[in-house]
Amino acid sequence: MEKRKLPEKPLPSPERKRLSKIKGDPYFSHKADIGIEVAGRTPEEAFVRMAEATFFLETDLSSVHPLQTVDISFREEDVELALPTWINRLLSESAIRGLVFCRFQLERSDGDWRGQAFGEPWRADHPRGIEVKGATLTLLSVRRRGGFWKARLVVDV
Amino acid sequence: MDLSLLEKLDDARWAPRPGPGGTREAVILFGTEPLLVAMDEKVLEQILNTSRLPGLAGPAMTMPDAHWGYGFPIGGVAAFDPEREGVISAGGVGFDISCGIRTIWTDLTLDQTRHTGNALADELFRRVPAGVGEESPLALSLPEMEKVMEQGAAWAVAHGYGEASDLVLIEEGGCMAGARPKEVSERAKLRQQKEMGTLGSGNHYLEVQVVDRILDPGTARAFGLEKDRILVSIHCGSRGLGHQVGTDFMMEFAREAARRGTKLPDRELACAPIRSTLGQAYIGAMNAAINVALANRQILSQSVREVLSRLYPGVKVRTLYDVSHNTCKEELHRIHGKPRRLWVHRKGATRALGPGHPFLPQAYRSVGQPVFVGGSMGTGSWIMAGVAESEALSFSSASHGAGRALSRHEALRRWNGREVKTDLESRGILIRSKSLRGIAEEAPGAYKDIDLVAEATEQAGLARRVAFLRPLVCLKG
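Protein chains in written order, with the numbering used here: chain A, 1 to 157; chain B, 1001 to 1477.
Any given hint might turn out to be false.
Claimed, not checked - Result set (DSS-like, lysine-lysine): computed pairs, CA atoms no more than 27 Å apart in a straight line:
1) A:K150 with B:K1263
2) B:K1147 with B:K1182
3) B:K1042 with B:K1182
4) B:K1042 with A:K150
5) B:K1227 with B:K1147
Don't read these hints as lab results, they were simulated from the structure.
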């Protein structure tokens, strides 16, 4: 797992604006925890949106600077199981390294998934949301609908 | 829940209506009518799914505080017999393995803390890492983590966190046998290295409470409870390690089910035969996670002890009891009059041993085990006691908390964290949290009426009410 330092600068302004507005839309009710549903033109794009919505529960992503990069790769042929695998890898890397992530990239070739997460160590002035402990298999779904890929899961908080 | 789906067995026990030809499902739902009416129908669907897993012994059950969970409902209890190809399920334990409550007794009274509440709240908040992004000052090496997984709370006591006398007042004497750290992934161990002694987030809390009402004076005396006595309760579990163990095995069980072509009504019911290699690996890893949770609550208890000692020199502090509500344990029970060794899943359900049970510490042997039914920040909690008849009714299990009435999403829509905090402070309850979102999601109105849950638990014969605790200070992650 490579970790490298990037120049210290905040996210570009349009991206900060978009990330500061992830609010009600992707979330749905699950009694004890939180459901998330997102869409993308590809599964990879939907998975990136899912990562943003997940970490937005922990803090306002527009307050996070993408100063460090963490590479994430895994093999999973089942596209549905790949979604919780991706989110759980991000959450565990975040916990192990004490980082909060704000930006994500993901590519796949057959069942090989390669991604990157960008973020920085938690600072006292990051607004605190709630800790996401993991992605579950509850209501898990990754489906193509009308030219878009819809991805849904419930995160345990 | 639509009560027409159920048959009322008595005022606090229900069963699904028999199917065509009078076939009965092996399911019992405990709770009074108001609680059942308010319960999600998903609870019934989930417990029916659970009851159809291989090797079920006795009925699958839900406690009065049940709500929609993962695979199993929260508040679900189900026992499986390894002699009949019974299974173990990571979804039946929950992700936060061995989440539970430690209640600490103090010799302080309400009068002694009346003017020091803010100092106590601030000092506890400064001392106890709580919430997302907070790390423990204690960082353990991987070899040391392995010792924690093997020794549980005894590791913490040996390293200066608390006293040996605490251990007898913790389930399993503070150390779960059968832990196999080698079955725990390196990722799980790494995740826990900086999380020992942290509270976490979500519904976890550290609460200073006062004994407000006593319903069973004899048992209260045995527990050391009297009106206006100050207690401290800690609700948390095995933190990142437990969650990673749950995730790792859930995925492995799901992949194994796919390989075998097993069709499951819910992927989170993926499980393995108790006697299979995979089942035994999960049991070893789960037991290791239980020990991490027991050690975590022991470390947190020592933080409380030190804060109280600084603010109230000479204060006496001891563990009242520590019991988990997310576990699966091998226990001896009678099925149709015959003794069987069963694996009892309790997911959001507290083991509640009745008087005379040999596992109880001597101090509680004559009255039954303390059973903690944790409430929300604003409504208080109950201490109940285990009763002998629950062994036959529920494998000695009882409720674990108020249980959510509203989703987090709905709570966030209805309440604002700052307003909830101000409202609670106007009622004399001091809240400390870095997350206003967390406070809103945990607003007291998002939970069921704790009194109804405790009454129903008693009415069903699962445990009896001993004392009601009112919150004074609540730390949330």
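Status of each hint after checking the structure:
1. A:K150 with B:K1263: 23 Å, holds
2. B:K1147 with B:K1182: 11 Å, holds
3. B:K1042 with B:K1182: Measuring from Cα to Cα gives roughly 36 Å; hence the hint is violated.
4. B:K1042 with A:K150: Within the cut-off at roughly 23 Å; holds.
5. B:K1227 with B:K1147: 40 Å, violated
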